[in-house]
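J.: In case you want the letters, here they are:
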Amino acid sequence: MELLFNTQELIDSINIFLTNLCWNYNIPSWILTVVIMAVVAGIVAGFVAVNTMMLVLAERKIAAHMQDRLGPMRVGFHGILQTVADAIKLVLKENIMPKVADKTMFFLAPIIVFAPAMMAYVILPWSPGIIVSDLNLGVLYLLAVGSIGVIGIIMAGWSSGNKYSLLGGMRSAAQVVSYEVSMVLSILGVIMLTGSLKMGELVNAQKDIWYICYQPLGFLLYLMAATAECNRAPFDMPEAESELVAGFHTEYGGIKFAMFFLAEYANIFAVSAVCTTLFLGGWQGIPGLPITLPPIVWFLIKTYAIVFIFMWFRWTYPRVRVDQLMTFGWKLLVPLGFINILITGLVMVIK
Amino acid sequence: MEGIGQIITFYILAGIAVISAILVISLRNLVHCVISLALMMLAIAGLYITLFAEFIAMVQILIYIGAVVVLFLFLIMLTLRLTDKDIKQTNEQKGISFILAGLLLFLLVTVLNRTSWNISPEAVVENTTSKIGNLLLTTYVFPFELISVVLLACLIGAIVIARKDKD
Chain A
43 MELLFNTQEL
53 IDSINIFLTN
63 LCWNYNIPSW
73 ILTVVIMAVV
83 AGIVAGFVAV
93 NTMMLVLAER
103 KIAAHMQDRL
113 GPMRVGFHGI
123 LQTVADAIKL
133 VLKENIMPKV
143 ADKTMFFLAP
153 IIVFAPAMMA
163 YVILPWSPGI
173 IVSDLNLGVL
183 YLLAVGSIGV
193 IGIIMAGWSS
203 GNKYSLLGGM
213 RSAAQVVSYE
223 VSMVLSILGV
233 IMLTGSLKMG
243 ELVNAQKDIW
253 YICYQPLGFL
263 LYLMAATAEC
273 NRAPFDMPEA
283 ESELVAGFHT
293 EYGGIKFAMF
303 FLAEYANIFA
313 VSAVCTTLFL
323 GGWQGIPGLP
333 ITLPPIVWFL
343 IKTYAIVFIF
353 MWFRWTYPRV
363 RVDQLMTFGW
373 KLLVPLGFIN
383 ILITGLVMVI
393 K
Chain B
4 MEGIGQIITF
14 YILAGIAVIS
24 AILVISLRNL
34 VHCVISLALM
44 MLAIAGLYIT
54 LFAEFIAMVQ
64 ILIYIGAVVV
74 LFLFLIMLTL
84 RLTDKDIKQT
94 NEQKGISFIL
104 AGLLLFLLVT
114 VLNRTSWNIS
124 PEAVVENTTS
134 KIGNLLLTTY
144 VFPFELISVV
154 LLACLIGAIV
164 IARKDKD
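Just so you know, the sequences run in chain order A and B.
Residue 43 is where the first sequence starts when you use the numbering used here, and the numbers rise one by one after that.
Residue 4 is where the second sequence starts when you use the numbering used here, and the numbers rise one by one after that.
Honestly, the hints are just simulated from the structure, not real lab data.
Ideal Cβ placement from N, Cα and C applies to all residues, glycine included.
Heads up, a few of these hints could be off.
Beta-carbon label-pair distances, calculated as ranges [to be verified]:
{"id": "1", "chain 1": "A", "residue 1": "Leu112", "chain 2": "B", "residue 2": "Leu54", "range": "52 to 60 Å"}
{"id": "2", "chain 1": "B", "residue 1": "Phe77", "chain 2": "A", "residue 2": "Ile153", "range": "20 to 28 Å"}
{"id": "3", "chain 1": "A", "residue 1": "Val389", "chain 2": "B", "residue 2": "Ala24", "range": "44 to 52 Å"}
{"id": "4", "chain 1": "A", "residue 1": "Ala347", "chain 2": "B", "residue 2": "Ile22", "range": "42 to 50 Å"}
{"id": "5", "chain 1": "B", "residue 1": "Val163", "chain 2": "A", "residue 2": "Trp72", "range": "55 to 63 Å"}
{"id": "6", "chain 1": "A", "residue 1": "His120", "chain 2": "B", "residue 2": "Ile150", "range": "57 to 65 Å"}
{"id": "7", "chain 1": "A", "residue 1": "Gln109", "chain 2": "B", "residue 2": "Leu149", "range": "53 to 61 Å"}
{"id": "8", "chain 1": "A", "residue 1": "Lys393", "chain 2": "B", "residue 2": "Ala24", "range": "44 to 52 Å"}
{"id": "9", "chain 1": "A", "residue 1": "Ile138", "chain 2": "B", "residue 2": "Ile15", "range": "33 to 41 Å"}
Bound-form chain A, shown alone (with noise of 0.2 Å):
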């Protein structure tokens, strides 16, 4: 319980262990190094595929709550096992490509947009000294490695050889390139005021106060943009099941499909996060409240907090059209994106 506490020390200690390990049995700095990007890599892996698992049915049973139904009931206890025996039909699914489609294309479009959704987690700082690594430009590289994850989208809907995944493709790139514009200008407000892009040292900067009351604004721009940027409902053009039955992902089967909805959940978990370290303090706790929780407890609580306001969004609003996306986009959150730079400029220069 008490390392929880002192995460810093915690990472300390392991590494002083493991590079005296090293020293002790001769082996070469570079073989340590190894190891522990691949022990790393296959922590956050199954980090993303049990909290994967655990979204989905959280999404399915909010969903049903909200709808007055149970929802899953069947597999396990209030059906906690439903979205394990689901993994498990898509693995053991047949491998369907269409007779139409570019070979290479299709295969490789769900790695394209899982690989970038994985990579955010890069950045994500779970609890003092708990973090992959602590890059100085942390929320510049989140948002680089965001837009690659679109070509991924593209490529889906253009190599399934069908309208509807075409289209799906289509819209998904004008929106994304759209509201990346706006996530920039919401985040900046934050980076202004800190003067720093690295996660570490924009959660120390909050320390006192939330960064929520000083941008409010900024913080429903993001979780707007965010929304748009993750491709969920509302602003779920790309699949928009009434219109194009599954968007870019309609003949996609199997692992493939799990592939796609592994990197959704995934990114909603990482856009989650950054919302909480940029406006919520991160991993400390509320100011001025006497309750001691381990920091990566109160990181989680608040990221859930924030997943759980994006299914919200989900279940309560209405699909809108892709002229009135694109309107909201550019007419709206894009000039409330600049007063909202132009307010906390004006303030830190009086100040």
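With chain A's structure known, arrange chain B on it following the hints.
T.: Frame of chain A, contents of chain B only:
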């Protein structure tokens, strides 16, 4: 150890960049060409990282892959005719362009060989991002703003061409 690692990384990344660049101009399917272009951009971003220019690398990915390549794909898909069949990438002016490209290569190699490269004695700058930011808004503020105006002109030009007059 560091040095060898860096050299190996350079050759792998440079190899990927060159091969995918050749694919961009030789593949027959336009969408495949654009995906190769994205791969080339990614390899070049990797080269920037080996040079400790992380900021440039991230901007390279953000703008070239996240925006330019995505817009290319978008436009190719809008003009569906292009993706329907394979298109020849060359025409009868192949010979002339080979000669011109060869001349350009010769010129560049000569210039590169004749330049005396100054190796800066300074150590690697720790936080290049804030340095770049400071320089852009102090010493180089005029060129920086000028580039913004050029971009704005392009934007307005595109809108003027694309908009339909309502009269």
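J.: Work down the list of hints and note, for each, if the structure agrees.
T.: Hints and how they fare:
Separation of A/Leu112 from B/Leu54 is about 58 Å and conforms to the stated range, judged on CB atoms against 52 to 60 Å. About 21 Å separates the C-beta atoms of B/Phe77 and A/Ile153, a value consistent with the hinted range of 20 to 28 Å. Distance hint check for A/Val389 and B/Ala24: the Cβ-Cβ separation is about 48 Å, which falls inside the suggested range of 44 to 52 Å. At about 47 Å, the beta-carbon gap between A/Ala347 and B/Ile22 stays in the expected band of 42 to 50 Å.
Between B/Val163 and A/Trp72, the C-beta spacing of about 57 Å keeps the proposed range 55 to 63 Å intact. Evaluation of the 57 to 65 Å hint for A/His120 and B/Ile150 yields a pass: the beta carbon distance comes to about 59 Å. For A/Gln109 and B/Leu149, the hinted distance range of 53 to 61 Å is satisfied, since their beta carbons lie about 56 Å from each other. Taking 44 to 52 Å as the suggested C-beta distance range, the pair A/Lys393 and B/Ala24 conforms, at roughly 50 Å.
Hint check: A/Ile138 to B/Ile15, Cβ distance near 35 Å, so the stated range 33 to 41 Å holds.
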